[in-house]
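Colleague: Sequence:
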Amino acid sequence: MAYFELKVHEQIGKKEFDDLKVSLNDLGYDVEISEHSSSGPYASLDWLIPTGIGLFISKPYFETILKKAAEDHYLLLKEAFKRYLYPKGINPEKNEFKLVTNGGVEKETFFTLHFSIYTKISDSNGDLTLKLMFPKGCSAEYFNKSIEKYSNFVSAYIGSGSEAELADKLVELDSGRRWTKILWLSDRSQEIELVDVVLSSKNKTFISNKIT
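Counted the way the numbering used here counts, the sequence shown spans residues 3 to 214.
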């Protein structure tokens with residue numbers, strides 16, 4: 003199974019990420035890159051809409067990352083993300099995904115809809131999707147720190163065999179909903195937090211909660 007799966011919208015094209023694939027392969031990581039197309043309009047909350055580029059990280063990565071965190075090759079992995087993924091995922095020069103109203107006006111969003119990271123965890127009720135999102139215009143340093151914090155956060159549960167506990171915790175924090183859980187690195191707490199997409203939408207503000 004691939005450690006990483008990169009799903010790229012056809013208008014961007016998967017060839018844009020050939021350099022990332024080569025870099026990850028050189029580090030010993032298997033990666034699959036595929037293209038997808040829009041399936042039509044989405045009647046959904048903004049942050050639940052699929053992003054133009056989605057990086058799926060599989061469980062084997064999280065099962066080993068804490069052991070490798072101090073190794074040189076892990077530092078090279080972070081550098082590969084910063085060098086080959088950040089420029090094309092955050093504020094790209096072309097083909098950036100945006101929400102546009104029926105009147106042709108761009109809709110302002112806190113998170114970029116161009117790039118996100120996905121992971122699936124399981125509990126007794128099945129799979130639960132986690133989605134790490136990034137503020138529009140975030141720095142390369144924030145980008146890498148988000149991925150590192152997210153990796154350590156998820157690894158702590160998967161590595162200890164407690165992913166069901168994490169799933170239960172996230173569902174409980176989200177009022178029992180089992181839809182995709184939106185996570186981000188809070189600039190306030192500097193920890194991974196769960197975004198309350200319903201309250202954020204209702205109150206026209208940004209609300210996230212610590213995961214305890």
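Read the hints as simulated data drawn from the structure, not as lab findings.
Since the model is a prediction, treat every value here as computed from it, not as a measurement.
Check each hint, because a few of them may be wrong.
Below, simulated SDA-like cross-link-like pairs (lysine to any residue); rule was C-alpha separation at most 20 Å, straight line [unchecked claim]:
| hint | residue 1 | residue 2 |
| --- | --- | --- |
| 1 | Lys212 | Pro137 |
| 2 | Lys16 | Val107 |
| 3 | Lys17 | Phe58 |
| 4 | Lys122 | Ser162 |
| 5 | Lys151 | Ser177 |
| 6 | Lys206 | Val107 |
Colleague: Does each hint hold? Answer for all of them.
Modeller: Hints, verified against the model:
Between Lys212 and Pro137, the direct Cα distance comes to roughly 18 Å. Compliance with the 20 Å bound is thereby established for this hinted pair. A distance of roughly 28 Å separates the Cα atoms of Lys16 and Val107; the hinted pair therefore is violated under the 20 Å criterion. Distance restraint check for Lys17 and Phe58: the Cα-Cα separation of roughly 18 Å lies within the 20 Å cut-off, and the hinted pair is therefore satisfied. The straight-line distance between the Cα atoms of Lys122 and Ser162 is roughly 16 Å, inside the 20 Å bound, and the hint therefore holds.
Our distance criterion of 20 Å between C-alpha atoms is broken by Lys151 and Ser177, whose separation comes to about 25 Å. Between Lys206 and Val107, the direct Cα distance comes to roughly 18 Å. Compliance with the 20 Å bound is thereby established for this hinted pair.
Of the hints listed earlier, those the structure fails to meet are numbers 2 and 5, in rising order.
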